[in-house]
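S.K.: With these hints in hand, go ahead and build the complete structure from the sequences.
Which chain is which? The protein sequence lines are L and W, in order. With the working numbering applied, the first sequence covers 644 to 870. With the working numbering applied, the second sequence covers 66 to 300.
No wet-lab data here; the hints were simulated from the structure. Every clue listed holds true.
DEER-style ranges, computed between Cβ atoms:
hint, chain 1, residue 1, chain 2, residue 2, range
1, W, 214, L, 811, 31 to 37 Å
2, L, 815, W, 120, 40 to 46 Å
3, W, 107, L, 717, 34 to 40 Å
4, L, 784, W, 121, 29 to 35 Å
5, W, 290, L, 801, 35 to 41 Å
6, L, 864, W, 214, 47 to 53 Å
7, L, 827, W, 120, 41 to 47 Å
8, W, 152, L, 663, 55 to 61 Å
9, W, 133, L, 799, 48 to 54 Å
10, W, 282, L, 762, 27 to 33 Å
11, L, 717, W, 121, 29 to 35 Å
Just so it is clear, the structure is predicted and the values come from calculations on it, not from any experiment. Think of the CB as a built atom: it goes at the ideal place given N, C-alpha and C, for glycine as much as any other residue.
Here is what each chain is made of, one letter per residue.
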Amino acid sequence: MAKLCNEPVCMQASSLCVQRGAKLLLKEISAAIPAGKVTLILGHNGAGKTLLMQTLHGLVTPTSGQVTGPDIAVQKMVFQTPVMLRCTASKHFDFLCPGASQEEKLSWFKRASLVGRMQVPARSLSGGEQQKLAIIGALASQPEVLFLDEPAANLDFEATAFVEEMIRWSAKEGTTIVMVSHNRAQAERLADHILFMDKGRLMEQTSAKQFFCVPHSEAGKTYLNFV
Amino acid sequence: MDFFTPLILAVQMLIGFDADLYEIIGLSLQVSLVAVGAALVLGLPLGALLASFQFIGRGPLIVITNTLLGLPPVVVGLLVYLLISRAGPLGFLDLLYSPAAMMIAQFILVLPLSIALSRQVFEGLHQDYNLLFKSLNLSWKTRVTTLLVDGRAALVTIALVCFGRAISEVGAVILVGGNIKHVTRVMTSAIALETARGELAFALALGLVLLFIALVVNIISQQIRQYFTPEDRYG
Chain L
644 MAKLCNEPVC MQASSLCVQR GAKLLLKEIS AAIPAGKVTL ILGHNGAGKT
694 LLMQTLHGLV TPTSGQVTGP DIAVQKMVFQ TPVMLRCTAS KHFDFLCPGA
744 SQEEKLSWFK RASLVGRMQV PARSLSGGEQ QKLAIIGALA SQPEVLFLDE
794 PAANLDFEAT AFVEEMIRWS AKEGTTIVMV SHNRAQAERL ADHILFMDKG
844 RLMEQTSAKQ FFCVPHSEAG KTYLNFV
Chain W
66 MDFFTPLILA VQMLIGFDAD LYEIIGLSLQ VSLVAVGAAL VLGLPLGALL
116 ASFQFIGRGP LIVITNTLLG LPPVVVGLLV YLLISRAGPL GFLDLLYSPA
166 AMMIAQFILV LPLSIALSRQ VFEGLHQDYN LLFKSLNLSW KTRVTTLLVD
216 GRAALVTIAL VCFGRAISEV GAVILVGGNI KHVTRVMTSA IALETARGEL
266 AFALALGLVL LFIALVVNII SQQIRQYFTP EDRYG
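M.R.: Here is the structure:
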């Protein structure tokens with residue numbers, strides 16, 4: 644496995660380009676995702692953060708370049724707006740994690756304080772509850788890599804605290820986390836590693852400490868002045 | 066003949082359990098339900114496949130399916146007739162002028178409808194679920210099954226439309242069924258016959274029964290839709 648400043652690398656992107664029509668949305672991105680760490684993709688709206696994450700996960704096929712990493716079968720993704728099937732929360736969990744036993748399922752629902760909501764239609768759950776359900780469904784299958792697209796956007800304090808607790812716990816368990824967030828405080832709390840993007844380019848990839856103290860790029864400095 | 070005569074006659078025949086009438090109703094339902102059931106079993110998964118997968122020939126297949134929506138029933142009847150008549154390639158099956166022949170004709174008429182309508186329903190669903198399906202790396206079987214289960218409320222309406230098209234069909238069933246009393250006489254062919262014979266009251270009575278069946282089917286489908294919505298109680 645490749646190394647990134649003495650850290651083992653879980654995933655590697657080499658010269659990734661994604662083009663839509665005449666527009667180049669991702670420009671020659673080469674990045675390494677450290678294993679078992681929380682990597683945050685930061686940048687302004689339209690910088691290509693979500694697109695980069697989706698390309699790393701395999702949802703978007705790059706126009707050129709390649710991604711090397713674990714098979715998609717051992718990766719999971721939680722979307723900014725969770726997709727809920729037309730079934731109960733319990734059955735939606737089964738769909739996300741088909742191998743889980745009843746006991747495991749119950750313990751995950753307990754952990755998310757959703758036991759009383761198991762038989763409620765998944766689409767009737769609140770936004771925070773849906774996000775919790777999506778996260779426990781993803782984590783229950785013990786993925787090697789977990790992608791999170793602004794998982795705490797529009798969530799209340801309690802739901803945000805749960806999301807952050809789950810992220811810390813799964814990173815501790817060895818899961819590689821790749822996450823998009825606009826919340827600087829949250830980024831500083833959670834991130835080990837930062838990929839900073841601007842207009843489809845990867846401007847910085849560095850440790851979180853380094854980025855928040857002394858960003859190298861002008862775009863990074865400007866960004867931190869805004870957020 | 067006033068308007069109420071056929072209405073009274075229809076009620077009398079229904080309440081009096083007129084054997085001929087119930088035989089015709091029974092056969093009509095049997096033929097149409099089997100034809101629609103078979104068309105849905107084949108058409109809905111095909112609609113889901115067309116909606117959720119990109120493959121070579123998908124575009125032309127969609128155009129063909131949509132074109133077949135306007136298939137004239139008499140042409141279908143003629144094609145089935147040519148297929149199953151004694152000189153036809155399937156003549157050895159001896160299906161001409163049998164309920165099975167009428168089922169085949171109705172099946173061919175309804176199949177494009179079930180594919181085209183379900184494809185539209187599933188395309189909407191697939192837009193919502195596509196990223197999740199890809200992310201979970203689901204097999205095509207699981208994708209199609211999930212779309213079928215999640216689209217169940219809309220599929221009830223599709224089934225209803227198909228049933229309406231099948232049971233009201235007359236041209237094809239007369240051609241391949243022959244309108245033989247006690248064998249292949251269904252409501253629409255009986256209405257055509259009674260009208261030709263000048264028995265307008267009986268024909269209208271049958272028409273009213275047909276409308277009544279449509280009403281009952283609508284009420285049942287409405288109940289099923291309400292059961293599945295709002296936000297679909299169970300999965």
